[in-house]
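Visitor: Residue numbers (full-length UniProt numbering), protein chains in the order written: chain A, 1 to 651; chain B, 1 to 651; chain C, 1 to 651.
The list makes no distinction among identical chains, and a pair is therefore deemed to hold if it is satisfied within one copy or across any two copies.
As a list, the in silico BS3-like pairs of lysine-lysine whose alpha-carbon atoms are at most 27 Å apart:
| id | residue 1 | residue 2 |
| --- | --- | --- |
| 1 | 226 | 69 |
| 2 | 178 | 86 |
| 3 | 548 | 515 |
| 4 | 542 | 284 |
| 5 | 501 | 178 |
| 6 | 284 | 531 |
Because the hints were derived from the structure by calculation, they are not lab data.
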Amino acid sequence: MNPVLGVCYYPEHWPEDLWERDAARMSEVGIRYVRIGEFAWSRLEPTPDNLQLDWMIRAVDVLGRHGLKVIIGTPTATPPRWMIDKHPDMLPVDANGHVKGFGSRRHYDFSHLGYRDEAARITRILADALGDHPALGGWQTDNEYGCHGTTYSYSDAARLGFQHWLEEKYGSVETLNKAWGNAFWSMDYNRFDQIGLPNLLVCEPNPIHALDFRRYSSDQVAAFNKVQYDILKARMPDLPVIHNFMSRYAEFDHFDLAKSIDVASWDSYPIGHLAVSDEPDEIKRLYMRQGDPDNAAFHHDLYRSVGHGRWWIMEQQPGPVNWAQFNPDPLPGMARAWAWEAFAHGAEVVSYFRWRQAPFGQEQMHSGLLRPDSEPAPGYHAAAQVSAELQKANFGGDMARGRVAVIYDYQSEWAWEIEQQARGFSHGGHVRAIYSAFRKHGVDIDVLPSTTPSFEGYDIVAIPALLAWTVALRDAVNTFEGHLLVGPRTGSKTENFSIPKGLGPDLPQNLLDAKVTRVDTIPPGLAVTVKGGGASQLWREKVETRAKVVMEDSEDVPVLIAQGKLFYMTSSGDRALVQRVVDYLIAEANLPTLNLPAGVRSRVRGDFRVYVNYGSSPATLNAAADEAGYVVGGPEMEPAGVTVARLATAD
Amino acid sequence: MNPVLGVCYYPEHWPEDLWERDAARMSEVGIRYVRIGEFAWSRLEPTPDNLQLDWMIRAVDVLGRHGLKVIIGTPTATPPRWMIDKHPDMLPVDANGHVKGFGSRRHYDFSHLGYRDEAARITRILADALGDHPALGGWQTDNEYGCHGTTYSYSDAARLGFQHWLEEKYGSVETLNKAWGNAFWSMDYNRFDQIGLPNLLVCEPNPIHALDFRRYSSDQVAAFNKVQYDILKARMPDLPVIHNFMSRYAEFDHFDLAKSIDVASWDSYPIGHLAVSDEPDEIKRLYMRQGDPDNAAFHHDLYRSVGHGRWWIMEQQPGPVNWAQFNPDPLPGMARAWAWEAFAHGAEVVSYFRWRQAPFGQEQMHSGLLRPDSEPAPGYHAAAQVSAELQKANFGGDMARGRVAVIYDYQSEWAWEIEQQARGFSHGGHVRAIYSAFRKHGVDIDVLPSTTPSFEGYDIVAIPALLAWTVALRDAVNTFEGHLLVGPRTGSKTENFSIPKGLGPDLPQNLLDAKVTRVDTIPPGLAVTVKGGGASQLWREKVETRAKVVMEDSEDVPVLIAQGKLFYMTSSGDRALVQRVVDYLIAEANLPTLNLPAGVRSRVRGDFRVYVNYGSSPATLNAAADEAGYVVGGPEMEPAGVTVARLATAD
Amino acid sequence: MNPVLGVCYYPEHWPEDLWERDAARMSEVGIRYVRIGEFAWSRLEPTPDNLQLDWMIRAVDVLGRHGLKVIIGTPTATPPRWMIDKHPDMLPVDANGHVKGFGSRRHYDFSHLGYRDEAARITRILADALGDHPALGGWQTDNEYGCHGTTYSYSDAARLGFQHWLEEKYGSVETLNKAWGNAFWSMDYNRFDQIGLPNLLVCEPNPIHALDFRRYSSDQVAAFNKVQYDILKARMPDLPVIHNFMSRYAEFDHFDLAKSIDVASWDSYPIGHLAVSDEPDEIKRLYMRQGDPDNAAFHHDLYRSVGHGRWWIMEQQPGPVNWAQFNPDPLPGMARAWAWEAFAHGAEVVSYFRWRQAPFGQEQMHSGLLRPDSEPAPGYHAAAQVSAELQKANFGGDMARGRVAVIYDYQSEWAWEIEQQARGFSHGGHVRAIYSAFRKHGVDIDVLPSTTPSFEGYDIVAIPALLAWTVALRDAVNTFEGHLLVGPRTGSKTENFSIPKGLGPDLPQNLLDAKVTRVDTIPPGLAVTVKGGGASQLWREKVETRAKVVMEDSEDVPVLIAQGKLFYMTSSGDRALVQRVVDYLIAEANLPTLNLPAGVRSRVRGDFRVYVNYGSSPATLNAAADEAGYVVGGPEMEPAGVTVARLATAD
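The following block holds chain A by itself, in its conformation from the complex (with noise of 0.2 Å):
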């Protein structure tokens, strides 16, 4: 299937009577899919039991008759305010105890049981009134799990769910204080309902206390969800339930969430992200209206793996937002070239947040692709030039596998921010870097899960700081025939947050003989320089090791041993060290590559290969030998360009 553009649409916002013209431009754009209604409850109940749902309904009969396909979404993320009134305890605590009022979103609690039955209910109401209506093409679930910081509540009913979650994990409490080495400053308990949360204590809490409180968090969001997707799926089982989640928000576990969705989505703002994120200062202004040139890919890349191979972008920025400290007008062209990089990372619909800007409420300076006035802003016109060129190139072939592959694990995520022991450790900074590497010369690259059962077909893959193995990934590595790039620190833990009896990287001998026996982890400015370049940063292990050193630092510490196709990294490098031991592993793989101007980036898709270019300036592509052509563009590429080019072995 080609794909195609979609948008996001507030019917109760407007008068009805801009409906009509409002279905009809967005069909004149080359819009097919229009998401409503996620934050509409108190307009489809307005008081308890009142239901007023047939504005809704008229709402999509006229979308319908313009040929639109509308997504609905539970309206679950903004509970109204006569919610509260009936369940004042579903409300979120936060981490000092304090309950979050009324008046934003998300105002509710993943561990409240009689709100989660209130957005059956609702869930329920809405297929039942909708299910059948043949402008219908499929489900939202609520909206951004998460978003705001809140997977995690410090209510009594997170409390008491995570005292019965312990009980059925651990069985007896004799069990929990073993696996949790309880004997440590006498934490032991004598009753599950002695356990409390993580929270308010003196200094830090036991890490499996912690991590085992994120997990039942996680599992939370997950039960929230499977709750409306059994309904909607029991009601229509052919229409695809989605999900639109929030890449910088992994406290809960997408992957897991996932087993209740058919198609994952994200939600795209890549200047917002740049804007809050890790990256140095450097970066965000080389990137300041544009993005950072790999971490959207990233994550088109992480949710094709999240969504079973099916994914959208479901909120696409489409000019300034309105929720970092700045927030740049992008780079012009650059709500047409993100749309292309998500197609090209096999996006089914990219759907721009939101048809018109608000001229009231919290995002009132967020664009859309209408001006509050209803002329067109930039992203208007940025949605045609894509639709056209969409139907020009003919594109919409299946992703192939990539030949390079990266683990990337939300439980690992949250074991480092628990323990970190560097300021600033994180394991997808680590995956993210060594993603980076490889796209850099133009690779396609799989995101995997820890759970991953087999490697097969692939001649790279890389597990950066893993809490600990799973027996699944412990039988892909053993039966691995490719290249594979392990650590720094993956292994160092078991599943109960404690060192490994044989230590880490706790792998077989045969494998890889090797013990980390001691961790050096050094403020910013004093990395340790790495012979032959790059420097180590931030985490720096010692191993005993009868493995093969293949570069070391200059104080002749080990920073990457091989035992065969094995290789263990024992730092954290920089960008310079990563790129060299990616180069390292692609040369001994014989793995091809691009060679593609700096700030230009690529992705295949079916028959084509998609250039973007990030840079601020024009950029000339080097012919590449599998190319016959362009289908967009050409090889001299404007700042925000776009090239596709189309395959010699499609011919």
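Using the hints provided, position chains B and C relative to the given structure of chain A.
Guide: Just chains B and C now, kept in the frame of chain A:
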């Protein structure tokens, strides 16, 4: 009336046998006004209804015998400890929901009506006991409303008061839902009693929710003050009622409160104010011992407007203070220069804080005119010098209207704190930047409220970063024949904090045919240069316009556009750009200027022009054509030097 | 007695069948003391009154069989979970009013008398069960009082206790009002039960309110300790009772608590302490893997004084720790060098923390002498080396009194935290700066409390930044015949935190005819240079004096004045200025010094001088006239090198 000096005195801090000698020395040094009593409640009423006013009457007697006029402060800023026993819920609550306790000052909630009655009671008691005293020169209500962030309280009293205020304002909850745009995020209310305060939410509140809470809170401060004013005026109609505002605490509308005062006053601490300001480090270093050369002047002009033309300095910094992170000693002479700057701007009284440095309590490190051992501190000699000079200069003419005015609007301050869009964007910052650019040329400026009905008589008026047009201001603009500088961001919202239908700056086409269609906000260090000099920083609008483009930036985005005499500035300029724009307007309006040396500033009062050298180096004045010799100092100015020239026009 | 090594051991963390081998290896490595038990309450009393002491007795048996002496820690720093069920209000409350829960350690309130009784009960039980054990070497009370900021609790128990303490201290509320200066801001109280804790106020509390609360809180820590001490001494008068202080946690008076201990000990983590210190980044970079060369030494001298001459290191860093933002690996050899530095300062025992790295709980990343897999970590070899060297050196003489002393005063630390006036101004910072300036010359220094009754025998005594004179200290100053360095800020307050009538430094005219009349505090980067070298920074006093001006700054403000042998320093000097002042005093006092290479420090104990090279480069010692050869090392020192010279005087 010739301006005079005053001082703040705390008879309750000293043995009664010191009072006579203190009063004699005050008189000797030329002091004419003494403020007392504003923190003395626990000594006036040590236990409930046990009034001990005799000591205060004796203190006023003593002061009066030495020819001093006494301003009595109502002691409502420091309710005694027993008051909390009587009204436990009168304590303010911070934004985290924590009750702020007894043990410092301003520990009351403006929304608490029980305490408002207590404040009325003690005011009435003081008015009755002291209203006829011949030494009485006036009243000060409370002390420094809003100081320490006390305008806002998140208490039950505030919540109930806010709900009532909203009901009064909007009439029905349907009207409120519509005005607030509560369709957004399902924020609709069913009843007024469901509306909470805009704190402790999951993410940011609806901006109109936040702004209405700020309006409500401002109204409570005004209402609290009016209760005292009405009592005092009913008893002694001829004595002025004054409040001492705190420039930096703009959380309530000083213009609005001033409906219930006769004379405005403010507390001027130039060094501490610079230290806690947003000025760049370079300015802080340059003026560490002087304070910013324009900040106090701006507030002098502001409070002259707030006070309907009548204003005082109620507290003038006399030496180092105690409340900034660093508290430098002023440059020798600054205690004199600050007083002269205030008089030049029309101050009737400059009252130093305080007579003798307190050896106990929170402000032990705050200097006075006397040291704790009663010996003269440098401020004592400064005061004596000013007194002598005032008589020499025969100073004291009225303030002429300036030829330039700038609009300062409290609601706009609140609005852009609520919706910054660029961190650091503020209304006041824009106002002060323009003010300074004019003042560097020796231009005298008036600061006007947004309720100003006419600009008649002004050559140039500036209206930067104004939230929304008032009816009055629209009229003033419509009928104005001088040069008008508007923007950026002016008129970009309605009073209900939503985007106007026609977009900002929301002026009729015949005045300015321009629409702001896009806002680009940019982090520090990434300013966009403007052709000809200067740069746009923080805030940058893109406009659709038929007006003439006067300046544009390096990306051809218009920066200053003009239609007739109406100029619209689309960006936040750095100092160089603001100066260029102001210089352009000065040239267009053919406004006379002075050629002031670096660090020197001037102000005309009556027949005199006062020069102050804020620089750390000596400066030589350029002769001004309209001057006829010097009555204080001369053309050679030392650091902190003061020169007073007689105007030739006075002959 | 020759000093020896110890180690901290947690038998409850390991299978019992490991104990024997552990004990044997401890003995082999030369360890003589083993601390156990201080976190074991949940294993000693798993449920209320269900005592399980057998395992501990068996552990002591095993250790004793291998010739080890055991220090038993009372487990009161980690009350078990069931204790909270029994005393729900024993949990501490933070300054925001949030109760701190169970799940880490130190979760008790020193003001809670019910818990104080529980602590007495378990102490008595342990004393009864183990007091006669032949392997028992002494007791440790609790663990690290004050760690994690636990000296203060803002609970009801603390409030009631504070009110009672104030009533005991002041007798009547009138006396308190007068002593506190409560006329200021109407802070008068009518009854003691109206006095709250100094947290959650509108602005800062009265400084004496804050200081008295700190005094009260310090007293509660001492009282808590005394309960245990009295029980232990009553039962076993001859066994030493020790507490392990935490240098950085100065919120209670260590001298005062030490009235109820026999031997002081402290927990020395040089690298983490440098990381969390206020030292400039340059120093942090230079000594990242060594720790500050003077900080541990200072605390050695401090705790020797706290311990009435007897002191230990109870926990010595053996490798990387886990609690700083970055936790670097020490330079190879530092675990040895730190021990030698401690012994040189008179330590009886240096006990490494901990025997085996824990694979579970909060401190998994904290290294031990053994790795988690029981293999030797670098610290193991360091310990073995120190043991061997100690025997070679036949080290162990008594500590001679130094010729220089510096006063360190806990109340002064608290006072200037309460009233900084210049951000970063601290008592301890001044003390350590002077200490380091002497130590750079190889001068041995004593650290004395402010209760020191006489300075007889010292050549030079320094008293910087002291809050207020004690009667004892005034006497010591009056009768001192050596050189005295006072100030800045010393004597600037009374014990009631008010300015003394005669102003600071509040010394009799015949000793020093000087009054501080003005304080100028200045931000970083704006230091005022001193003629001849160095600069005044942060704090700068102007004095009225007839004393001789020894140094003055570029604005002619006296920086060092002298009257006879009494010197007063008016400013906070940068390193260069402090060194100049100290050098001047050394010259005046004709004090012998050493010529130490950069990075090298020395200390004399008995007949030996110990040198440690803290630098990252090798260093060559200059021969000292009083030495007669080396017993450990020699004149060429590696980084982290140790050289022990025998003094000729010993022959």
